[in-house]
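Enquirer: Below are the chains, spelled out letter by letter.
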Amino acid sequence: MLPRVALGLATLAVLVGLVVDLSGSAPRTAGSDHVSPAVFAATVPGGGTLCEPISPLPGDAARAQLLIGTYGRPVPNLRLRFLDEAGRAVASGDLPAGAREGYVTVRLHRERRSPAATRACVAVGGSTSVVFGGEAGSVGAASELVNGKQQSGRISILYLRAGKESWWQLLPTLSRRFGLGKAPLYGTWTLAALAVLLLGVWIAVLRLLGRELR
Amino acid sequence: MSGGSLAPPVGTAPQPPARAPARALGPARGVAGRVRDAVTRIPRAGRVCFLIAFVNAAIWGVVVPPFQVPDEIAHFAYAQYLAETGKAPPQGVRAQYSPEEQSTLEALNFFSVIGRPQMRGILSPSEDAALRTALAAHPSPRGEGGSTPVSNQPPLYYALEAIPYWISPSHNILTRLALMRLLSALLAAGTVLAIYLFLRELFPSSPWAWSVGALAVAFQPLFNFIAAGVQGDNLLFLASALTFLVLLRAYRHGLTTRRAVAIGAVVAIGTLAKLTYIALLPGVALALALLCWRQLPEGRSRALRTFGVAIITAAAPVALYLLLNATVWHRGSATAGGIAAATNGNLPGGGSVTLRETLDYTWELYLPRLWFMHHAYFARYPLWDVWFNGSVGHFGWLDYTFPNWVYDVGRYVFYALAALAVVGVVRTRAVLRRLVPIGVCFAVMALGLLGAIGYAGIRYKLSSGYPFEQARYLFPLLALYATFIVLVARGLPGRLGLALGGLLVVLAMAHGLFAETLTISRYYG
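Line order of the protein sequences matches chains A and B.
According to our numbering, the residues represented by the first sequence are 8 to 221, in order.
According to our numbering, the residues represented by the second sequence are 729 to 1253, in order.
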């Protein structure tokens, strides 16, 4: 009896822990430009603009996060725009002057849904230079342009979804993402199927232990 | 033969119809029957543990995105080269991956994800479409077999992985990878079953302990993370667990010719799986000598014969591998497939590492530095930082972990478990005392592994500047970990011990579950 009671209580405790863990709300990612903020990869003078080609802006991107260094000064105002092939703004956002250097988040305003953005541009206000986190690299088609001049490297842009979400709220998105980038046989159903399988595994273990620990 | 006809010659008496099929099917039926008998001899709980471990590892294999298991890109490249060409990779400075794998890795944004915990792979349908477009171009699956971190390993694991590669109903690289990952899950389940049977030999009067120890391994999250991918360690773990099993079984029941063959076969599998296994060989040799010595009262010639059977069974496949290296695969020399590199004490640049440096490094890898050791090789104490925290969970390409408090709490839990294990040893001393001789051999195996990690570690660190050690390198000793778990449970008397055993399994399952949610948040959240 004692082992079974212990098993039952322990399982209940794990379930409670799981529910608490999945209920925690936090900002969730919508993707990135696949560039990590490993080094300061671009210096943009005050009044200058940095542009770089990007893969399509994710549909659920509501904010963009950049790593900015200002050598201790307040961050000047920034304007971030995502442009389509024709140079029209697909999404844009402003960061008022005065933020502290480090990671800054720019709220995006979607101006049109299609066509997809192909370029991101950051206009730096004020009169002092700022540096952007990103990756160094050789000059190429994918590298950044500062004031129209091509430079080596790319800056990192991390996209965030709107507000804060718990994992429960994110479940439909997780299910969709779970089927991507894998063998074609997987799909949106896969995460739910795995959860059911895992539940079966837990039940099998508890039944086995219930028998073995008599 | 007359014209190649299979018909009986005219005028000869026809063969009795019943006997020919009986001869043809007899061996097959015999093998199938023996396998069925062997399976049914395994307790039902053992078979359930195997199944649970397989399904759990297979789930991990879907959760972890393609190629995100450490070094999976290199292991897959080896298996694909072998499957496509029938040869081990020739190595050398040439393309490491096939055009198909390279193109897939780029489309998966693989190189921007590893080592960067804030980066994700494919999150949007447009990125997925780009991946499918890249695969639709049908880049060649045949690579050049250039040197990778694993291309100097023996080919057994990769030859096995070639089977799901070939039988995959689709030539899509990701479908093939998914099937190949299932083989790793199967090997992991085999490891769990071997550990179950090992515990059955160790604690024959406590059937509950067999399941508790095996299930603790089955849910160990780092073990499952490795089992999730195409990774040669999976066969190494299985071979190591089987080694502990066959040696203990021979110790308890005597070294028969069949058991000598089993020991030799397991040693051959381990040696041809991954060169790390060589580190266990001194302990295995000592165990074999012990087993033969115990057999001497039955006749010196019989003892020598079984010893010889074990040696020949182990050596023949390894000799064949060395021969193939030199003659068919043209890898330079017989020992070129990693054996030469593993036994070369010098650094690639020509420098050398002294014995004292190696001993100091190896000591500091596991124990506090002593006053006469002048060089501090590690900024943080590896016992906790690498081995303990790593076993609790350093996942991916070592790029994401649990929150720090988990490791802090885990350390206190470990202190409590270690104290209980000591009590368990005292309470089980009557059983364990009889096993001291083989236990010494197991200790030599463990020390051999610890020493080999230190030996390779200092050379890697001095030549590359990067740390070498990872917690998974200790997993050939998973059988001893399971023994530890059982001893913890036996630290409490009677039903309290049973309850603790159950709690330990639930703790392991919870550990695995939260590692899975962590993994999902890392790659998809």
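Misleading hints may appear alongside valid ones.
With the C-beta cut set under 7 Å, the calculated list includes, among others, these residues of chain A facing chain B [stated by the list, open to error]:
(1) Pro10
(2) Leu22
(3) Gly38
(4) Ile61
(5) Pro63
(6) Arg184
(7) Lys189
(8) Leu201
(9) Val212
Negatives, chain A to chain B, calculated, CB over 12 Å [what the hints assert, rightly or not]:
(10) Thr36
(11) Ala68
(12) Arg70
(13) Ala93
(14) Ala200
Here are a few chain B residues that sit away from chain A, every Cβ distance over 12 Å (derived from the structure) [as the list claims (entries may be wrong)]:
(15) Glu812
(16) Thr832
(17) Ile901
(18) Arg909
(19) Ala937
(20) Arg977
(21) His1103
(22) Asn1132
(23) Thr1156
(24) Gly1225
(25) Ala1238
Simulated from the structure, these hints should not be mistaken for laboratory data.
Here the structure is a predicted model, which means the values were calculated and not measured.
Think of the CB as a built atom: it goes at the ideal place given N, C-alpha and C, for glycine as much as any other residue.
Enquirer: For each hint, tell me whether it holds in the structure or not.
Expert: So, going through the hints one by one against the coordinates:
1. Pro10: holds, 4 Å
2. Leu22: violated, 10 Å
3. Gly38: Constraint on A/Gly38 satisfied, holds at 5 Å.
4. Ile61: Hint violated; A/Ile61 Cβ to chain B Cβ min 12 Å, cut 7 Å.
5. Pro63: Since chain B brings a Cβ to about 5 Å from A/Pro63, closer than 7 Å, the hint holds.
6. Arg184: Holds - the Cβ of A/Arg184 comes within 7 Å of chain B, reaching about 5 Å at its closest.
7. Lys189: holds, 6 Å
8. Leu201: holds, 5 Å
9. Val212: This interface hint holds because 6 Å falls under the 7 Å limit.
10. Thr36: violated, 6 Å
11. Ala68: violated, 9 Å
12. Arg70: Non-interface label stands for A/Arg70: nearest chain B Cβ at 14 Å, farther than 12 Å.
13. Ala93: holds, 19 Å
14. Ala200: Given that some Cβ of chain B is not farther than 12 Å from that of A/Ala200, nearest at about 9 Å, it is violated.
15. Glu812: Correct as stated: the minimum Cβ-Cβ distance to chain A is 19 Å, above 12 Å.
16. Thr832: violated, 10 Å
17. Ile901: violated, 9 Å
18. Arg909: violated, 10 Å
19. Ala937: violated, 9 Å
20. Arg977: holds, 22 Å
21. His1103: Per Cβ check, B/His1103 is outside 12 Å of chain A; nearest 30 Å; holds.
22. Asn1132: holds, 16 Å
23. Thr1156: Consistent with the label, B/Thr1156 stays out of reach of chain A, its closest Cβ about 18 Å off (over 12 Å).
24. Gly1225: The assertion about B/Gly1225 is violated, with a minimum of 9 Å to chain A.
25. Ala1238: violated, 4 Å
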